[in-house]
Amino acid sequence: MLERSEWYDIARQTNWTPKFVTKEELFPAEMSDPYDIPQELWETYDEPYKVSYSEYVSVQREKDLGTYSVKAAVARQNFVQKCDERWRAILKFHFGGVALAESISQLGEARLVRFGKGPGMRNMATFGLLDELRHGQIQLSFPHDWVQIDRQFAWTHKALHTNEWGAIALRHLLDDIFISRDATTTAVMLTFAFETAFTNMQFLALAADAAKAGDVAFSSVISSIQTDEARHAQIGAPVLSLMVKAGKKKEAQKILDISFWRTWKMFSLLTGMAMDYYTPVAQREGSFKEFMEEWIINQFERQVLDLGLERPWYWDILLDEIEFFHHAMHIGSWTFRKTLWWNPPGATGPEERAWLEEKYPGWGETWGRLWEGYSRPILEGKEDEPQSLLIVCTMCHLPMIHRPGTWPFPLRTYNYEGRDYLFCCEPCQWIFEQEPDRYKGYVTLNERALAGEIMPPTYEGAVKFMSLDNEDAGRDGTNYAWAFDNQAAKARKAG
Amino acid sequence: MALTPVVVMIKGDFLYHLIAVDSEQTVAEVAALANVIGMGRMRPDCEGRTLAVRKHKTTEPFPPSMKIADTGLQPMDGLDIYPV
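Protein chains in written order, with the numbering used here: chain A, 837 to 1331; chain B, 3 to 86.
With the rest of the complex left out, here is chain A (with noise of 0.2 Å):
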């Protein structure tokens, strides 16, 4: 029996010369690599990881047994039932959030092993699609089960189906940069930014929170989907370098930077608001800021000058919203939680005070000072309500928020062909700029309430809008104990 290293360089040489078609349209250009790289460069494509089909098969039965073990030994301690509703927001957001997401990256995947160039290219990527099957499937497996326990569960399969609107941002998001683009854009912005930069954080970090909070499940689902990321992320990084010998380093600059730049408003508020404030204290294994330095600021910029790249124009513009964008969206998405299909935690008592602020100084006198405000309120008894509908970015879909403090807000707006688009930022308006008759058309939800979609155009019509004037709606996942807590802690205080 021969090893694999020794057929596995002949066996995947699939470049064969089409007889019947030509190699135009075997690939043509605007599905697969519309930067013109040569066949010979392509023909270069060198995967960092080799597989062979059987031994990934063998691999992938392990780790399903050792997963699904785990669900049945898990189902039996009751650990959703007993846990906290604090972890529940948590789990409900990202099953919500994630595993349809996955469901949409095999379309990514599945265009890669189609119209790919590069034969390795194809090759990983026909275990990539394999992945995204399993960790869709897992993922809408573990929290079928607790839709019994908690109607919000079901939401799992459903937040991506409706008109929520995280739901409508990530779409926008994974329409925009996994499916709708040619294989070679693809590659770098579905593997290398989304999938290299950020989901190692998100799976790795709240592995470690999970495994702290006890939730040994989860635990062993995100872990069990990381190993496979790990792997077909690689995809990305030599298509990059491919780029670059081809002389088309302007051009893959743009891709990576407008793909990191929308990634990273997306797991800034899936990420950041479950590390920052759902997770309790005692089981937070760092701060969102940390893991963003540790992960990306110091690991993804490595890589990305060590492939001949520069760090993206914006680089300082990140480094600000780490500050405070998932502070931002966080207070954003509780005053509106009814659109939310978890009950969020206020999270902010005496004890998670003192964290923010020791993590991130200057919390108390910005943020701190916003939720005092909302504290009066609550400890009077009355249920604030929104009375204004929010203002969402054209590009990001998420809120349009401002760091407090400073006066007066910019308002960004871009006039294309006669019509105002509204940016939350910057790079989301440069990214429009790239690309107008790309994103031109799209409907936001301020443009669908103006329009008379949203009935009333109110908050409560909002709520109905988003497929939530019901049980599922959220609210405070901790029956506002932190407001109490501080009323408490206060009171010791002052003898």
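These are calculated hints, taken from the structure and not from any lab test.
If you're wondering where the values come from, they're calculated on a predicted model, not measured in any experiment.
Hints are not guaranteed to be accurate.
Sample of chain A residues at the chain B side, in silico, Cβ under 7 Å [what the hints assert, rightly or not]:
(1) Ser1055
(2) Ile1133
(3) Leu1225
(4) Thr1242
(5) Phe1245
(6) Ala1287
(7) Met1291
If you only want the chain A side, here are some residues facing chain B, beta carbon under 10 Å, derived [stated by the list, open to error]:
(8) Gln875
(9) Arg897
(10) Pro1116
(11) Met1236
(12) Pro1293
Computed beta-carbon distance windows for the label pairs [as the list claims (entries may be wrong)]:
(13) Gly50/B / Asn914/A: 50 to 56 Å
(14) Ala865/A / Lys59/B: 42 to 48 Å
(15) Gly1288/A / Lys59/B: 26 to 32 Å
Idealized CB from N, CA, C, for every residue including glycine.
Given the coordinates of chain A, work out where chain B should sit on it, guided by the hints.
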């Protein structure tokens, strides 16, 4: 009576709000909305204080008694609301 959608920004806040203002409303009535749309988080900053309203990217506030119809506001214009 005609409704005009505007983008409202309140000093000290972190959100941009979409609200519809009525052409018959006075500027002072729109300023008072800061207490409502800013919810509890803005009350310590706004309650009991005089609030001014100006068009975004300008320096002079509108007179409090001016009707919205006379401000020249267009749909989706920005409005700054701030204590004075």
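Status of each hint after checking the structure:
A hinted interface residue such as Ser1055/A counts as satisfied when its beta carbon comes closer than 7 Å to some beta carbon of chain B; here the least separation is about 34 Å, so the hint is violated. Because the smallest distance between the Cβ of Ile1133/A and any Cβ of chain B comes to about 24 Å, over 7 Å, the interface hint for this residue is violated. The beta carbon of Leu1225/A is positioned within 7 Å of a beta carbon in chain B (closest approach about 4 Å), and the interface hint is therefore held. Annotation: interface hint on Thr1242/A violated; nearest CB of chain B at approximately 10 Å, more than 7 Å.
Nearest Cβ of chain B to the Cβ of Phe1245/A: about 4 Å, under the 7 Å cut. The hint holds. Because the closest C-beta pair between Ala1287/A and chain B is about 11 Å apart, greater than 7 Å, the hint is violated. About 13 Å separates the beta-carbon of Met1291/A from the nearest beta-carbon of chain B, more than 7 Å, and the hint is not met. For Gln875/A, the shortest C-beta to C-beta distance to chain B is roughly 50 Å, which exceeds 10 Å, and the interface hint is violated.
A hinted interface residue such as Arg897/A counts as satisfied when its beta carbon comes closer than 10 Å to some beta carbon of chain B; here the least separation is about 49 Å, so the hint is violated. At its closest, the beta carbon of Pro1116/A sits 24 Å from a beta carbon of chain B; the interface hint therefore is violated under the 10 Å criterion. At a threshold of 10 Å, the smallest CB-CB gap from Met1236/A to chain B is about 4 Å, leaving the interface hint in force. For Pro1293/A, the interface hint holds, since its Cβ comes within 10 Å of a Cβ in chain B; the closest pair sits about 7 Å apart.
For the pair Gly50/B and Asn914/A, the beta carbons lie near 52 Å from each other, so the given range of 50 to 56 Å is met. Distance hint check for Ala865/A and Lys59/B: the Cβ-Cβ separation is about 44 Å, which falls inside the suggested range of 42 to 48 Å. Take Gly1288/A and Lys59/B: their Cβ atoms lie about 29 Å apart, and the range 26 to 32 Å holds.
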